[in-house]
Amino acid sequence: MDNQLWLYLIIFLGGVVLAVLVLQLWRVIEHRWKEKKEMTSRISIEDTLKHFYHCERNQETPLPESVAGILRTSVADATDVLTEMERHQLISRAGNRWQLTDSGRDYALQVIRAHRLWERYLADQTGFPESEWHTQSDKLEHKLSHEETEALANRLGHPRFDPHGDPIPTADGRLPEAKHISLAALPVEQPAEVVHLEDEPEAIYRQLGEHGIHLGTVLRVLRRGDDGIEVWLPSGTVQLTTAQAANVSVEPIAESEIVLPEPTVPLSALKPGEQGRVVNISPACKGAERRRMMDLGIVPGTIIKAEMVSPSGDPTAYLIRGALIALRREQASLINVSRNLTPATEQTPSQNEVTA
Amino acid sequence: MTTPTDPEKIESILSTAEKLRWDIGSNFHDHLMEAIYTDAARIADRAVSYPEKPPRFDLDRTIDRLVTSRVWGFPLMLLLLMIVFWLTISGANYPSQFLAWLLLDNGHPLLKTLAADINLPWWLSGLLIDGIYLATAWVISVMLPPMAIFFPLFTLLEDFGYLPRVAFNLDNVFKKVGAHGKQALSMSMGFGCNAAGVVATRIIDSPRERLIAIITNNFSLCNGRWPTQILIATIFIGGLVSAQWAGLISAMAVVGIAVLGVFFSFAVSWGLSRTILKGEVSTFSLELPPYRPPRIWQTIYTSVIDRTLIVLWRAVVFAAPAGAVIWLISNITIGDAVLAQYFIDWLNPLGLLVGLNGIILLAYVVAIPANEIVIPTILMLTTLVLGSGGAGRGVLFETQSLGDTAALLQAGNWTLLTAVNLMLFSLVHNPCSTTIYTIYKETGSLKWTTISALLPVVMGFVLTFFVAQVWHLLV
Numbered sequence: 001m002d003n004q005l006w007l008y009l010i011i012f013l014g015g016v017v018l019a020v021l022v023l024q025l026w027r028v029i030e031h032r033w034k035e036k037k038e039m040t041s042r043i044s045i046e047d048t049l050k051h052f053y054h055c056e057r058n059q060e061t062p063l064p065e066s067v068a069g070i071l072r073t074s075v076a077d078a079t080d081v082l083t084e085m086e087r088h089q090l091i092s093r094a095g096n097r098w099q100l101t102d103s104g105r106d107y108a109l110q111v112i113r114a115h116r117l118w119e120r121y122l123a124d125q126t127g128f129p130e131s132e133w134h135t136q137s138d139k140l141e142h143k144l145s146h147e148e149t150e151a152l153a154n155r156l157g158h159p160r161f162d163p164h165g166d167p168i169p170t171a172d173g174r175l176p177e178a179k180h181i182s183l184a185a186l187p188v189e190q191p192a193e194v195v196h197l198e199d200e201p202e203a204i205y206r207q208l209g210e211h212g213i214h215l216g217t218v219l220r221v222l223r224r225g226d227d228g229i230e231v232w233l234p235s236g237t238v239q240l241t242t243a244q245a246a247n248v249s250v251e252p253i254a255e256s257e258i259v260l261p262e263p264t265v266p267l268s269a270l271k272p273g274e275q276g277r278v279v280n281i282s283p284a285c286k287g288a289e290r291r292r293m294m295d296l297g298i299v300p301g302t303i304i305k306a307e308m309v310s311p312s313g314d315p316t317a318y319l320i321r322g323a324l325i326a327l328r329r330e331q332a333s334l335i336n337v338s339r340n341l342t343p344a345t346e347q348t349p350s351q352n353e354v355t356a
Numbered sequence: 001m002t003t004p005t006d007p008e009k010i011e012s013i014l015s016t017a018e019k020l021r022w023d024i025g026s027n028f029h030d031h032l033m034e035a036i037y038t039d040a041a042r043i044a045d046r047a048v049s050y051p052e053k054p055p056r057f058d059l060d061r062t063i064d065r066l067v068t069s070r071v072w073g074f075p076l077m078l079l080l081l082m083i084v085f086w087l088t089i090s091g092a093n094y095p096s097q098f099l100a101w102l103l104l105d106n107g108h109p110l111l112k113t114l115a116a117d118i119n120l121p122w123w124l125s126g127l128l129i130d131g132i133y134l135a136t137a138w139v140i141s142v143m144l145p146p147m148a149i150f151f152p153l154f155t156l157l158e159d160f161g162y163l164p165r166v167a168f169n170l171d172n173v174f175k176k177v178g179a180h181g182k183q184a185l186s187m188s189m190g191f192g193c194n195a196a197g198v199v200a201t202r203i204i205d206s207p208r209e210r211l212i213a214i215i216t217n218n219f220s221l222c223n224g225r226w227p228t229q230i231l232i233a234t235i236f237i238g239g240l241v242s243a244q245w246a247g248l249i250s251a252m253a254v255v256g257i258a259v260l261g262v263f264f265s266f267a268v269s270w271g272l273s274r275t276i277l278k279g280e281v282s283t284f285s286l287e288l289p290p291y292r293p294p295r296i297w298q299t300i301y302t303s304v305i306d307r308t309l310i311v312l313w314r315a316v317v318f319a320a321p322a323g324a325v326i327w328l329i330s331n332i333t334i335g336d337a338v339l340a341q342y343f344i345d346w347l348n349p350l351g352l353l354v355g356l357n358g359i360i361l362l363a364y365v366v367a368i369p370a371n372e373i374v375i376p377t378i379l380m381l382t383t384l385v386l387g388s389g390g391a392g393r394g395v396l397f398e399t400q401s402l403g404d405t406a407a408l409l410q411a412g413n414w415t416l417l418t419a420v421n422l423m424l425f426s427l428v429h430n431p432c433s434t435t436i437y438t439i440y441k442e443t444g445s446l447k448w449t450t451i452s453a454l455l456p457v458v459m460g461f462v463l464t465f466f467v468a469q470v471w472h473l474l475v
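Here the protein sequences line up with chains B and W, keeping their order.
Per my numbering, numbering of the first sequence is gapless, rising by one per residue and ending at 356.
Per my numbering, numbering of the second sequence is gapless, rising by one per residue and ending at 475.
No false leads were slipped in.
DSSO-like cross-link-like pairs, simulated, lysine-lysine; straight-line CA separation at most 30 Å:
| no. | chain 1 | residue 1 | chain 2 | residue 2 |
| --- | --- | --- | --- | --- |
| 1 | W | 447 | W | 176 |
| 2 | W | 278 | B | 286 |
| 3 | B | 286 | W | 176 |
| 4 | W | 175 | B | 271 |
| 5 | B | 143 | W | 278 |
Negatives, chain W to chain B, calculated, CB over 12 Å:
| no. | residue |
| --- | --- |
| 6 | 10 |
| 7 | 80 |
| 8 | 89 |
| 9 | 92 |
| 10 | 103 |
| 11 | 115 |
| 12 | 149 |
| 13 | 202 |
| 14 | 234 |
| 15 | 386 |
| 16 | 403 |
| 17 | 441 |
| 18 | 443 |
To be clear, the hints were calculated from the coordinates, so they are not data collected in a lab.
Where a beta carbon is used, it is the ideal one built from N, C-alpha and C, also for glycine.
One chain only, chain B, in its complex shape:
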């Protein structure tokens, strides 16, 4: 009899413990699920805010259909998101026109700030290829609290522009007035400097880079056709489609502002024994890589001599300021040198001047 009682007691206690465990587990799962749901809703809201902001900048009207396209959901779901946002007073509605409220615009600028800070971070402090900056930032931008965003900005030294040339909104949501115009609208023969490259769609962004169009490139439109334009670049002329030109923003500059670029060759074109004078490091060389080059003393004016090529074909050893440094072909092709060893405009003090 006693034995049976013990058995029941043990079964009962075991049951209680099990029930408590299951309950705890359920709570954890529920919590996680809720967290995930909140996150998804945060992502939808923030992505919609960005979309609204871009529409506002481009003087377009956001529609439930376009929001559905951005969020990759049905129009019904997109409308739910819009209703939810209206409830939070992020957007307001007058008839069929949706627009940002002031607090919604502030919030949108904060998301854009986080996005552009992340791009700056990925470009400067990691080794991720350029093609991944945008896609990764699209995910990372939703994960930071306000304090964490400020900590990131502080760590990066409060940068002003993202690696595509877009200004980063300040902490209090300020942006400079846009002075630039689209390359598609640039008058023929007017010299201009590239100040912004649209990073979406990514394929066009990559094609522009391959054409030699980077931030800071000086160009002018030579001819305008039906299917595109012919553009003069220091490195030659290229044909751009209308879609490509629309993704380039330029700032017109005066004729006198054009520093006529010297004819240069990439350092990788020098054969062993040949010398070149550094004119610039290509804008495509960014972040840690660029700093390393300057650390090595590769600055405008430095004379570099190609010494020897590895028996396996790459790298090549260069004599830079008395030190023999091997650089890989991809790196050497980012350094532009002139075969003319004395610069035309400024005269570096010669040996005679110093001794005299």
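Since the structure of chain B is already known, use the hints to place chain W on it.
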């Protein structure tokens, strides 16, 4: 300044600064930095006068032309590496034998007699002398001489300025797998000792490539694993063919394993640089310093102190507790069997599944401090299981001849598959604890240490499993 500041003025200055912030252009920092560098260079050019040409400059270029020439570059490199290995192997033989004679053949019995004289209880003398002392002495006598020869030789080549040229010659190969040419040097160093190889990756200044070199260094067959490979290949692979070919075939098997290791290094480097290491910063630069006559005594001193003794000390620190564990599991009896027997029985199913056995797996677990004591542990555990021969429970030993070892292993049911898979597993398993600790010290990261330790052991199990299954299908 004591004058009260005008808040309006401050406000206007701040707002001007705010506006200017956007006007100075996006690459302002680059321009500023370039200007500073250019100024510094101009000042230096003015102030510093150079002699016509450094006197040894032309000699340097002449040597460079020879060691990096298309015709002579690679043969010269192989020749120098072979000389270094040959000097290490043949030179280490005598001091190794002397240390074994001193510490193992004489020191060990002497200590045992001493312990008996002062009436030390059997378990204490067993634990201290058979366990801790013997394992430590074993590691020292096998590890110290090759390292004391290999490292100074290597450092001399480095000091002379030749090693950066090796990296220069080989960089293209390493570039293709996303690694740095200098990894050639840390890999070669790994053939001496993986812990030293990991330390040698300090010369790689690009974070991503350095991590690749650290994680893959384990695939360089180290000094502690060569004897295992040679022993097993001589007994099982050499035994397959007639006596006149045995030497050649077993040597080829060992070299084949080492080459397989190099292949794994490249394959894993390739995989890592495209997956988990993609986001790490990568910059390449390789300085080729001027040649200079090596400072022989200084080099020998620093390489012995910095590399050999530090690595040896770490190995000893880990070998001592391992010796205690080996002795304890062979002597603690539960029910009617020793602890080791239980472990072996548990590990046996897994061992057989991957073409090994429980003894080998247990040996790899307890001999984690140094690959040098894997074979003695296997031999000791085999006699323990068979219940005959050997030097006593938990006492590491080596057999008198190859024939004895072969007979013992065959009595332990070893087959050709066991031998082949042991050779593979010896190449592809977790690094020894000394190396793991060194990796932690060098990376300062638990994450990379864990990956370096687990990646090869998982690869090892997968590899031996497939070999075993294919073997069972065919044989």
